[in-house]
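Based on the sequences and whatever the hints tell you, model everything.
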Amino acid sequence: MKFEFTEEHQALRSLIAGVCEQQADPRACYDGQSMIDTRLWSVLCSAGVVGVGVPEAYEGGGGGPVEQVIIAEELGRAVAAVPFSEHAAAAETVALLGSEEQRKRLLFPLARGEAVAGIVLPTPANLKAVEAHRDGARWRLSGHIPLIPNAGAATALLVPAHEDGQVRWLVTEAAQVSALPTVDRTRPAAAAEFGDADAELLSGTDISERPGELLMTLAAAEAAGAAASALQTTARYTTERHQFGLPIGTFQAVKHRLADMLVAVENARSAVYGAAWALAEGETAALSASLAQAVATGNAVAVVSDAVQLHGGIGVTWECDLHLYLRRVKALEATYGSPSTHRGRIADSLLDR
Amino acid sequence: MKFEFTEEHQALRSLIAGVCEQQADPRACYDGQSMIDTRLWSVLCSAGVVGVGVPEAYEGGGGGPVEQVIIAEELGRAVAAVPFSEHAAAAETVALLGSEEQRKRLLFPLARGEAVAGIVLPTPANLKAVEAHRDGARWRLSGHIPLIPNAGAATALLVPAHEDGQVRWLVTEAAQVSALPTVDRTRPAAAAEFGDADAELLSGTDISERPGELLMTLAAAEAAGAAASALQTTARYTTERHQFGLPIGTFQAVKHRLADMLVAVENARSAVYGAAWALAEGETAALSASLAQAVATGNAVAVVSDAVQLHGGIGVTWECDLHLYLRRVKALEATYGSPSTHRGRIADSLLDR
Amino acid sequence: MQQETLAPSGLGELDIDLSEDDAAFAEEWMTWLDTHLPAMHEKLADAGRDADKQALARDWQSQMAAGGWAAITWPLEFGGRAATARQQLIFYLTSAERRVPPLAGRIGINLCGPTLIAHGTSEQQQRFLPPMLDGRHVWCQGFSEPGAGSDLASLRTRGVVDGDSLVITGQKIWTSGAQYADWMFALVRTDPDAPKRRGISFVLVPMTANGIEVRPIRQISGDAGFNEVFLDEVRVPLTNVIGELNGGWNVTRTTLANERAILFMGQQMALTATLRKAITMAKVADPQGVRAADDPHFRDRIAQAWIDVELVRLNGMRNLARVLAGKEPGPEGAMSKLFGQHVEQKLHELALDLGGEFAILDRGAPDAPNRGKWALGWLRTRASTIGGGTSEIQRNVLAERILGQPRDPWADA
Amino acid sequence: MQQETLAPSGLGELDIDLSEDDAAFAEEWMTWLDTHLPAMHEKLADAGRDADKQALARDWQSQMAAGGWAAITWPLEFGGRAATARQQLIFYLTSAERRVPPLAGRIGINLCGPTLIAHGTSEQQQRFLPPMLDGRHVWCQGFSEPGAGSDLASLRTRGVVDGDSLVITGQKIWTSGAQYADWMFALVRTDPDAPKRRGISFVLVPMTANGIEVRPIRQISGDAGFNEVFLDEVRVPLTNVIGELNGGWNVTRTTLANERAILFMGQQMALTATLRKAITMAKVADPQGVRAADDPHFRDRIAQAWIDVELVRLNGMRNLARVLAGKEPGPEGAMSKLFGQHVEQKLHELALDLGGEFAILDRGAPDAPNRGKWALGWLRTRASTIGGGTSEIQRNVLAERILGQPRDPWADA
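Chains as they are written, first to last, in the working numbering: chain W, 1 to 353; chain P, 354 to 706; chain H, 707 to 1119; chain A, 1120 to 1532.
Don't take every hint at face value.
[Stated by the list, open to error] Just a few of them, taken from the derived set where beta-carbon distance is under 8 angstroms, the chain A residues facing chain P:
{"#": "1", "residue": "PRO1249"}
{"#": "2", "residue": "PRO1250"}
{"#": "3", "residue": "ILE1398"}
{"#": "4", "residue": "MET1400"}
{"#": "5", "residue": "VAL1403"}
{"#": "6", "residue": "ALA1412"}
{"#": "7", "residue": "TRP1425"}
{"#": "8", "residue": "ARG1437"}
{"#": "9", "residue": "ALA1440"}
{"#": "10", "residue": "MET1454"}
{"#": "11", "residue": "ALA1518"}
{"#": "12", "residue": "ILE1521"}
{"#": "13", "residue": "PRO1528"}
{"#": "14", "residue": "ALA1530"}
No wet-lab data here; the hints were simulated from the structure. A virtual CB, placed ideally from N, CA and C, is assigned to each residue, including glycine.
Here it is as structure tokens:
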């Protein structure tokens, strides 16, 4: 039934948690100039995690949104510096809209993680910024996108464009992708310059909002995971740190803040799981995805901010990992529509029919 | 200088506090069918409080917004069931816009409190609802106002109406005023039916927003006073009520809520005093009055709600006076523009020039 | 889109497989309701005074008991059905959907009955359960005291053993339904020298006994659903003590966690109904032509309210999935009460606020929003975060039990 | 309307009468600034590295001291002006208006100086105050320790008397400016057996002494304004102890309340400047053509931010009016710190959020809002509610001192 995590789900969760614990090194993106946690990405590729949502016929895991959400949540817990969510949404787009030939050609490298995919969402601004022209059997893209989230390491881009009055999706490896410095360096953004870049058109015309909904849900799962981890770290810290001769977790001001953080974290997870199951069942998931975004990213910012506060002075040092979480959840909150934007969409659907 | 309360101000505050402590009986409006705390009103009349803002030439106190705010705050502290704020704003309108003859005739009974005045604010809806026609030297009003705050006991009404493209103010004693049952029975509202009611036109054409700004400031002062009183009661209760062998004020969860209530109360008072001094100096006080409303009424609802919570079970009984405060501050919040409405006005002025 | 998302959670929403037994259970219950419910709805529509309603609630309970529906979680031997979690779920969902009236004696059936079944002697079970089941005896709960709110273990109502009797003196408060109750199950301090939680007994007290006085407590809404119960040398036989003398603290801990996991459905449906009504009214202009649905501030709060109610539902579903899979309830269950009571309070404040300046009008004013019911609901729900464990206590519990924080230094070990 | 309300609070805003003395003071200060300030502004504009800025700040302090402006609250005999509250106010307002650079040694002048003046011996005053005043000696404060944050009295840095010396071993943390300081005033435990607050001494320690090591602490913004200071058997003469040996707790309590009442002006001006810049940018379209000023959510938050900043100003004015009238600071002063630190934090979060999706861009990205300064400000102000007493401690203080609640059971009497 819905919301029941099977033993396989639990095993997947443990797998990712274990891999992250041993391999994840988000600091690599702060200390060096790396755009991705290369070692973690390759371990995830070997374990078949990167292509979990790709159909088995194309060497993927044949999993769905529930499995992807579990992975994104665990990666969020570790502030992992890998573009899993965007890559998964891009692969989903190819799987949904590619011809059989395109799927065969494009999905294998995506499933193996040899190609790292970024995705441009079909917002009005993005659709206005890029134009597609036919060029024989191929296509050419022109224009400039100033900001593509978490595409700093992308070698391929999924790009939507107007064609014949419809929104169609194109794949290009020829865009000039320049990484941009970001507050959260584990999700480096990029700008893309399409100087008549070679591209191919995905054959499907059945335009679906699903790539965006999946991406929003996975990004929300990252936020929920980051919040859960910050809460866990903090709840341990408050039993260890003493003031006035007692663990500070003894003080109600601390306890009650922790309790509110717990409510925020569990609400974030519930919202994310709700969206995952809605997507898994193929329902329209627009409201569920907005719910997940509105709750998970907003709550995560509140929870991690509280975690910093409860850590006191140590919480505002570079050395303490909490700021990696703070930057991450703030970036997630701003990236795919702010909580208020998503509440606006929900209000439109409740009030303007 | 600004914000400096003189010894005279302190004496006025003590006077009102003393009168309220001995005479105020807000329960009278709950238990009986009274629309006003008659005894308190007559004491306030005798003490010259009701006409404090009326110029001395007309038997008034010659005071200004600062004195009126002090009175409204103290009346709010006692949930006093007297329409001081509306009466004062009505009298102010006559003093501002009446001819010398009108002032002489109309201000004496208002200063003495023999007439109880209500006021209809010149909102677009109200201006649309009432029409004024000349009838010789007098005027006639027709139309229906469904809701006039705190006018349940009014014998005279100040009514704005369009005349020759301008907003003008009229005074009538002939409207059919019907009191309406209200959640806060100490501020009973009324509906008014103007069946060609006899009225007179105030001669001044220099239309000013001042009556509304004064009224908003005084209503905000009532809210600030109510909040301050609820905080005081609660801070005493938490040192007396024991749980787990200790006064509950020992527990940080209680302490910290009290501290936040204190911040909310002092902010409310600062906002109200700011508006009072702005009015006293004759500046445009629209933003200051909106600030006072937005902060004082919203904060008062939060503070009194917290006061109920900290009282536990006893706080939700009829017998405990807190619900009189809760009803009062909620009514004040809804009455002259909600906090969000006032924030909207502030935003307009900051962003839309 | 709205229709799907605002619909009350029906059975389909749960997406559970029904076994043959469950399907038969559902079928029997529906058939029984078809036969009995319409007449009761008619009678209730005609009932005026509270006393009439109380009599009807007892009547309904006797019908439900006769059909075997009054206490479906009780074992078969006591007139229950030993219902599985899935069957309870079906029962609660359909009860809400079909507006099945509440039972007069639900406090006894839900709280005292399971305690008697777990801790009572065979004689006690034989004596108390049958009239509890069919509504002849309506029960109230005597736990809270004026000095013992959040700190239940500090209660002071005394029981002194005198021969084979217990003589009880003290005062209980917040006793819901005491004015109609035949019996009260109460916590009484029977050993004043023992540490706080020891020395407490769980005692059954007839409300008709000499020395009992019930005084209603009027709430801020004007309702009087709660009472104070004064006990002045009330004498009950020692056979009315459940479990060991002085062992009452353990008796009360009989956990109702699984039941709670399912009861959330009722809460969520009530919230959904309030929200839906609020949304409907937000789209209608007030007497001055103002529509709350046009105000960005209200649009945002309405969206947040929808989110909050959805979260109550999603939390409940997560917890339910665990319980139905035979696992322990998770943290999302433990936090549901804290979050749910805030959501209820906030939602009613929103409903009131939507009225704008007309929100100040009470019942009887022609323009009062929702005929004054929003104001009443707002006043009533001010107690949501106090009754049944304050939010402060809930937060302590969450921090200590789920997050492993140290207990308050002043709390008992 | 905006221009009036967003204008920084100038002298006119205060509406105070200036006495002849005050007017002369203002006149002298303005004249001095006209002579000295432009050159310093030019030098600062050219300065690149932190070390250059530090040298300029010392140079500026020596100029200010020569003019008698470095420590206007100090008594005349120590090079101050014994400035009245009104004069301080004039001084701070004009300093902010004319962007007078901060002094290198402001920590010593504001915190250590008044303590020496109140509690030091004449010899100590003669020895330490002159170089503190003119910038030859820059001071840092050694109070916090890793194990003693909110609970200052539990500090563990030990001082052992050895002949006429004190030998100090331990660790200080959050020591602002230690990397540039010549001296540190520190709290040291000199009697380990005495109750917590007894047995602490206030000691002056040269940063050049053997056994001192300074390690910078990098903050989440990447800045390194704070330091850890390790002390390993650092030997100072007993004549460096201020007040009684073991009497340091009282020495530290030298109150700065009146000074704080005026310092709010600087805080409010910084907030106003941030708000004004945020509003200006909200009216400009981002690279995708989106204007935050068109978003109802941001409109509401901007209005609230204006309200918050106004409240900081109004609270400060109320308190100032009391202080200028010779009264004790009121509760609005005590709560200003708690409220002000939250306002600062919220305002910077708003400024960041206004950037929408572009808010994630950092310095160096062409489209980074405010060239990445909002992001930096947001990160820096995460410490606003922690440094100088956490919000939790502030709330305790308010509840206990202003609202008369009992102290925490674990706090010292």
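For each hint, the structure was consulted:
1. PRO1249: Not OK, violated: PRO1249(A) not within 8 angstroms of chain P, min 37 angstroms.
2. PRO1250: Status violated, d = 39 angstroms.
3. ILE1398: holds, 6 angstroms
4. MET1400: violated, 12 angstroms
5. VAL1403: For VAL1403(A), the interface hint is violated, since the closest Cβ of chain P sits about 12 angstroms away, which is over 8 angstroms.
6. ALA1412: Since chain P brings a Cβ to about 5 angstroms from ALA1412(A), closer than 8 angstroms, the hint holds.
7. TRP1425: holds, 6 angstroms
8. ARG1437: With Cβ-Cβ at 5 angstroms, under 8 angstroms, it holds.
9. ALA1440: Constraint on ALA1440(A) satisfied, holds at 4 angstroms.
10. MET1454: holds, 5 angstroms
11. ALA1518: The hint holds - ALA1518(A) has a Cβ within 8 angstroms of chain P, the shortest such distance being about 4 angstroms.
12. ILE1521: At 6 angstroms from the nearest chain P Cβ, ILE1521(A) passes the 8 angstroms test, so the hint holds.
13. PRO1528: holds, 6 angstroms
14. ALA1530: Since chain P brings no Cβ nearer than about 10 angstroms to ALA1530(A), farther than 8 angstroms, the hint is violated.
The structure is inconsistent with the numbered hints 1, 2, 4, 5, 14, although it conforms to all the rest.
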